[in-house]
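Quick note on my numbering: the sequence shown kicks off at -6 and runs consecutively.
FYI, nobody ran anything at the bench for these hints, they're computed from the structure. Quantities reported herein were computed from a predicted structural model and do not represent experimental measurements. Heads up, a few of these hints could be off.
[What the hints assert, rightly or not] Per label pair, the in silico range of CB-to-CB distance:
| no. | residue 1 | residue 2 | range |
| --- | --- | --- | --- |
| 1 | Phe(-2) | Phe49 | 34 to 42 angstroms |
| 2 | Phe45 | Lys11 | 28 to 36 angstroms |
| 3 | Phe49 | Asp8 | 22 to 30 angstroms |
| 4 | Phe28 | Phe(-2) | 18 to 26 angstroms |
| 5 | Phe(-2) | Ala26 | 20 to 28 angstroms |
| 6 | Glu22 | Phe49 | 13 to 21 angstroms |
Cβ coordinates follow ideal geometry from the N, Cα and C atoms, glycine included.
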Amino acid sequence: MESVFLCCMDWIISDGMKETLLNLVSFQEVKDAAFNMGTLKALGPDGFQWVFYYRFWQQIHAEV
């Protein structure tokens, strides 16, 4: 389902690319992305470095 903003945009990507970008991200994709980052990279505004997520992945993966 497209948001009200997306339906009003002029797309410069193909319909196939748009469909791929709008798909939900799988758990495996999140895990792969997380474990391919450097351990000292910060995730975002919380400031936690990826070394924290590596260390506690088994405890927190369901919340990520």
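Tested hints:
1. In this structure the supplied range 34 to 42 angstroms holds for Phe(-2) paired with Phe49, their Cβ-Cβ distance being about 36 angstroms.
2. A beta carbon spacing of about 35 angstroms between Phe45 and Lys11 agrees with the range 28 to 36 angstroms that was offered as a hint.
3. Distance hint check: the CB atoms of Phe49 and Asp8 are about 40 angstroms apart, inconsistent with the given range 22 to 30 angstroms.
4. Checked against the given bound of 18 to 26 angstroms, the beta carbons of Phe28 and Phe(-2), roughly 32 angstroms apart, lie outside it.
5. Evaluation of the 20 to 28 angstroms hint for Phe(-2) and Ala26 yields a pass: the beta carbon distance comes to about 25 angstroms.
6. Here the CB-CB span from Glu22 to Phe49 is close to 20 angstroms, well matched to the stated 13 to 21 angstroms.
Consistency note: the structure conflicts with the earlier hints numbered 3 and 4.
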